[in-house]
Amino acid sequence: MSLAQTDKYYLPQPSLWPIIGSVALLTMAVGGVMAMHEINHGLWVLLAGVAVLFFMMFGWFGEVIRDSEAGRYNKQVDSSYRWSMSWFIFSEVMFFAAFFGALFYTRVLSVPWLGESDTMQQLWPTFKAAWPTAGPGLTADGLKFTPMEAWGIPAINTLLLLSSGVTVTWAHWGLKKNNRMQLILGLGMTVTLGVVFLCLQAYEYHHAYTQMGLTLGAGVYGATFFMLTGFHGFHVLVGTTMLIVMLLRSIAGHFTAEHHFAFEAVSWYWHFVDVVWVLLFILVYWLI
Amino acid sequence: MSDAAHAHDDHGHHAHPTGIMRWLTTTNHKDIGSLYLWFSLIMLFTAGSMALLIRSELFEPGMQLMHPDFFNQLTTMHGLIMIFGVIMPAFTGFANWQVPLMIGAPDMAFPRMNNWSFWLLPVAGIMLLGSFWLPGGAVAGGWTMYPPLFIQGGVSYDLTILAVHIMGLSSIMGSINIITTILNMRAPGLTLMKMPMFVWTWLITAYLLIATMPVLAGAVTMLLTDRNFGTHFFNAAGGGDPVMFQHIFWFFGHPEVYILILPAFGIVSQIIPTFSRKPLFGYASMVYATASIAILSFTVWAHHMFAVGMPVAAQLFFMFSTMLIAVPTGVKVFNWVATMWKGSLTFETPMLFAIAFVCLFTIGGFSGLVLAMAPVDIQLQDTYYVVAHFHYVLVSGALFSIFAGIYYWLPKWTGHMYNETLGKTHFWLSVIGMNIVFFPMHFLGLAGMPRRIPDYALQFTEFNQIATVGAFIFGFSQLIFLVLVLKTIKGGAKASDQVWEGAQGLEWTVPSPAPYHTFETAPVVK
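Chains as they are written, first to last, in the numbering used here: chain A, 1 to 288; chain B, 1 to 526.
Keep in mind the hints are simulated off the structure, nothing from the lab. Please note that a few of the clues may not be correct.
Unchecked claim - Pairs of lysine to any residue residues, derived as SDA-like cross-links and limited to a Cα-Cα distance of at most 25 Å, are as follows:
no.	chain 1	residue 1	chain 2	residue 2
1	B	Lys487	B	Pro513
2	B	Lys194	B	Val525
3	B	Lys194	B	Gly505
4	B	Lys487	B	Ser512
5	A	Lys75	B	Lys526
6	B	Lys526	A	Asp7
7	A	Lys128	B	Met310
8	A	Lys75	B	Thr191
9	B	Lys194	A	Trp83
10	B	Lys278	B	Cys359
11	A	Lys128	B	Pro242
12	A	Lys75	B	Ala187
13	B	Lys490	B	Leu24
14	B	Lys194	B	Lys278
15	A	Lys75	B	Pro188
16	A	Lys144	B	Thr225
17	A	Lys177	A	Gly115
18	A	Lys75	B	Leu183
19	B	Lys526	A	Asn40
20	B	Lys424	B	Ile473
21	A	Lys144	B	Ala237
22	A	Lys144	B	Gly230
Can you build the whole structure from these sequences, using the hints too?
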C-alpha cells in the first residue's frame with residue numbers, strides 16, 4: 001500500500017467546527033443545569049446550546065460530505081471510517097451494557113436481597129420481593145403500577161424494526177446494483193418504519209403515564225424500563241435522522257456503487273439499534 | 001524546515017491561521033499534542049496546589065485553615081482533576097505527538113475530531129473549577145461520586161456529572177482516533193508485532209477507554225436521573241441499591257486504573273532499552289502481558305468494595321482475580337530489569353525517572369497485592385494505606401513516566417537539549433520529596449488513620465508533619481520542571497536527529513525539531 005503522490009491520506013485544513021461544538025456543549029451543560037435547578041431562562045440557554053450544536057453538525061458534516069464528493073477520500077481514508085464506526089458502535093454497546101447491567105443486578109440480586117433479611121421482614125412485612133417491583137418504600141406508600149405487556153405495541157414495534165432492517169439492506173443492494181430507484185424506495189420505507197416506530201412508542205409512553213401508573217418514578221422497574229427503552233428510542237430518532245440525510249443525499253445523486261460508506265455506516269448503526277431492540281423486547285418486555 | 005515539510009499536496013498546508021486561531025482551529029497532531037501537554041501541566045499545578053492546601057490543613061490535628069466541607073471539596077477535586085485533567089490528557093498528548101511519528105503516519109486518522117477531543121477538555125475544566133464559586137461550593141462527595149451522598153449535593157454536583165460526560169466524550173473520540181490511526185495508518189512493513197511498545201500500550205489503552213468510558217457515562221446518567229428526574233436506581237425504598245452504583249462505577253474504575261498506567265509502561269519500555277543500549281527484553285511477552293492485564297482488568301472491579309457487603313464467593317473470586325494481575329505485571333517488571341542486565345547503561349534524566357518508576361511502581365504494586373486480600377482489605381479500607389498505595393502507583397508510576405517521556409522526547413519536539421543539571425535536580429528532589437510524602441502514609445494507614453478526614457487523632461501527628469514537609473518539597477520542585485521546559489523551548493544546545501545514542505525507531509529518523517508535517521510519504525519499514 002505504498003502511497004503514490006496522487007493517493008495521499010487526506011489531511012483537512014484547520015477547522016472552526018470543533019471549537020464551535022465545544023461552545024455548544026458548554027452552553028448546553030450550563031443551560032441544562034440551570035433548567036434542572038429551575039433557574040430563570042435555563043431552558044432557553046439549553047436550547048441555544050442545542051441550536052449551536054445543530055449549526056456545528058450541519059457545517060461539519062457538510063464539509064465532510066463535500067470532501068467526500070470531491071473524491072478526496074482514498075481507500076485508506078475509507079478504511080479509517082470503517083474502523084472508527086465499528087469502534088463507535090462498540091462504545092454504544094457498552095453504554096447500553098451499563099443499563100442492562102443495572103437491570104440484571106436489581107432483578108437477579110438486589111431486589112431478592114430486599115426480601116431476605118430479618119431487618120427487611122421487620123421493616124416491610126408485606127413487601128414481596130419479586131420482579132416487577134417499585135420497591136418496598138414506594139409500595140408501602142401506595143404506589144401501584146401495571147407492568148408493560150409485551151404482546152401489544154412492543155410486538156408490533158419488533159415487527160416494524162425487523163422489517164426496517166430488511167428494507168435498509170434491500171436499499172443497499174439497490175445501491176450496489178446502481179439501481180437508484182430501489183435505493184431511494186428502500187430508504188424511504190426504512191425511514192417510514194422508523195417514524196411509525198417512534199410514534200407508537202410515544203403512544204405507549206403516554207398510555208403508561210396516564211393509564212398504567214408506570215412512570216420514570218415507579219421504582220426500579222420504572223427507572224430501568226424508561227431509561228433502557230428511552231435511550232433506545234433516542235437512538236432510533238438519531239438513526240432515523242441519519243437515514244433521512246442518506247435519503248436526501250441519494251436523491252441528490254450522491255454515492256456510487258463502490259464509494260458509499262456513509263450509507264453503510266448508517267445501516268450498521270440501524271442494525272445495531274435493531275439488535276438492542278430485540279434484547280429489550282425479550283428482557284424488558286417479554287420475560288417479566 | 002526540511003524537505004519533507006515542503007512536500008505538501010495541492011489542497012495543502014499553506015495559509016495557516018496564526019496566534020490564538022492557530023491553536024483553536026489546528027488539525028495538526030503535533031499542535032494538538034502540545035495543547036494536551038500544556039493543559040495537563042496547568043492542571044497539574046492547579047490540582048497540586050489543592051494537594052498542598054490539603055497537606056497544610058493536615059500538618060496538625062484540629063482545624064486550622066479551612067472549613068471541613070472545603071477540605072472535602074479539595075480532596076474531591078484533587079482526585080477528579082489529577083485523573084481526568086492531568087494523567088489522561090498527558091498520555092493523550094504523548095499519543096498525539098508520538099504515535100504518528102512512531103508508526104510513520106502523516107497525522108492522526110481524524111485530525112478535526114482530534115481537535116475537538118482536546119477542546120472539550122477546557123470545557124469540562126471550566127465546569128469543574130467554576131463550581132468552586134457556586135452556591136454550596138464544588139463537589140465534596142469524593143471523586144468516586146458514591147450515592148446516596150452524591151445525590152444529596154447542590155448545583156455543582158449536576159455540573160460535575162455533565163463534566164464527566166464531556167470528558168468521556170473527549171476520551172472516546174480520542175481513543176477511536178488513536179486506535180484507528182494505529183490499525184490503519186502504519187507505514188508499509190510495520191507489522192503489529194514490530195510496533196514500538198508505546199504504540200502497543202496505547203492501542204490497548206484506547207480499547208479499554210472505548211469499553212469503559214460509556215459505562216461511566218451510564219453510571220453518572222443514573223445519578224443525574226436519580227437526582228433530578230425521580231428515578232430510584234440507587235434508592236432501596238424504590239427497589240434500587242446504592243451498592244449497584246459502586247459495581248457499575250468500578251467496572252469502569254478498575255480498567256481506568258490500567259488506562260492510567262499502561263501508557264506509562266509503554267513510555268518506560270521505550271526509554272530503558274535506549275539507555276541500556278539493548279533491545280527490549282521479551283518484546284512479545286511484553287505485548288501479551290499488556291493484553292492480559294487489560295483483559296483481567298475487567299474481572300477485578302469489586303476488590304474496591306470488599307467492605308460494603310458481598311457474597312463470600314464473590315469476595316473470593318475478586319480476591320484471586322486481582323492477585324492474578326500480579327503475574328503479567330511481574331512479567332513486565334522482570335523484563336525491564338532483564339533489559340538493563342549487562343547493558344551499557346547511562347543515567348540521563350529520562351533513564352533516572354524510568355528506573356525510579358520501576359522501583360517505586362513495584363512498591364505500589366506490592367501494596368496493591370496486600371490490599372487485594374479481602375480480610376486485610378477490610379482492615380485497611382479507606383485508610384491512608386490506600387492513599388499511599390495509589391499515590392505510589394500514580395505519582396511515582398504514572399506521573400514519573402510522564403516526566404521521563406517529556407525529558408526523552410523534548411529534544412525531538414523542540415530541537416534543543418534540556419539542561420541536564422536542572423533535570424537531575426528535578427529528579428532527585430521529586431523522588432526524595434515523593435517518598436517523604438507518601439511512605440509515612442503506609443504507617444498512618446496501618447495504624448488506622450482514615451482518609452478524606454480534615455482532622456485526626458494526636459498519635460498520627462508526626463507522620464502527618466513529615467508527609468506535609470515532603471509534599472512542599474515535592475510540589476515546589478515541580479517549578480524547576482516548568483523552568484526547564486520553558487528554557488528548552490526557548491533555546492539550548494542543538495539536538496541531533498538521533499538525540500540519544502541508543503534510540504531506535506522512526507521518530508528519530510526525522511529532523512529535530514520535528515517539522516510541522518512528517519511522513520507525508522510513508523517510510524518503508526523492513
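Right, here's what the structure says about each hint:
1. Annotation: proposed proximity of Lys487/B to Pro513/B holds, straight-line Cα distance about 15 Å (limit 25 Å).
2. Restraint check for Lys194/B and Val525/B: satisfied, since their Cα atoms lie roughly 9 Å apart, inside the 25 Å limit.
3. Of the supplied pair hints, the one linking Lys194/B and Gly505/B holds, its CA atoms being roughly 10 Å apart against a limit of 25 Å.
4. Using a Cα cut-off of 25 Å, the hinted pair Lys487/B and Ser512/B holds, with the two alpha carbons roughly 16 Å apart.
5. Using a Cα cut-off of 25 Å, the hinted pair Lys75/A and Lys526/B holds, with the two alpha carbons roughly 23 Å apart.
6. Proposed proximity of Lys526/B and Asp7/A is supported: the alpha carbons are some 22 Å apart, at most 25 Å.
7. As the CA atoms of Lys128/A and Met310/B are separated by approximately 22 Å, the hinted pair is consistent with the 25 Å bound.
8. Restraint check: the Cα-Cα separation between Lys75/A and Thr191/B comes to about 19 Å, which is no more than 25 Å; the hinted pair holds.
9. Distance hint between Lys194/B and Trp83/A is fulfilled; the C-alpha atoms sit about 21 Å from each other, no more than 25 Å.
10. Between the alpha carbons of Lys278/B and Cys359/B the distance comes to roughly 20 Å, so the proposed pair stays at or under 25 Å and holds.
11. Proposed proximity of Lys128/A and Pro242/B is supported: the alpha carbons are some 20 Å apart, at most 25 Å.
12. Taking the CA atoms of Lys75/A and Ala187/B, the gap is near 15 Å; set against the 25 Å cutoff, the hint holds.
13. The suggested pairing of Lys490/B with Leu24/B holds, with an alpha-carbon distance near 23 Å, which does not exceed 25 Å.
14. The hinted pair formed by Lys194/B and Lys278/B meets the criterion: a straight-line CA distance of about 16 Å does not exceed 25 Å.
15. Simply put, Lys75/A and Pro188/B have alpha-carbon atoms about 15 Å apart, close enough for the 25 Å limit, and the pair holds.
16. With a CA separation close to 21 Å, the supplied pair Lys144/A and Thr225/B stays within the 25 Å bound.
17. A distance of roughly 61 Å separates the Cα atoms of Lys177/A and Gly115/A; the hinted pair therefore is violated under the 25 Å criterion.
18. The suggested pairing of Lys75/A with Leu183/B holds, with an alpha-carbon distance near 14 Å, which does not exceed 25 Å.
19. Taking the CA atoms of Lys526/B and Asn40/A, the gap is near 65 Å; set against the 25 Å cutoff, the hint is violated.
20. For the suggested pair Lys424/B and Ile473/B, the alpha carbons sit about 15 Å apart, so the restraint of at most 25 Å is met.
21. With a C-alpha separation of about 14 Å, the suggested pairing of Lys144/A with Ala237/B holds against the 25 Å cut-off.
22. Note on Lys144/A and Gly230/B: the hinted pairing holds, with a Cα-Cα distance of about 16 Å set against a maximum of 25 Å.
Figure legend: structure checked against the earlier numbered hints; hints not met, in rising order: 17, 19.
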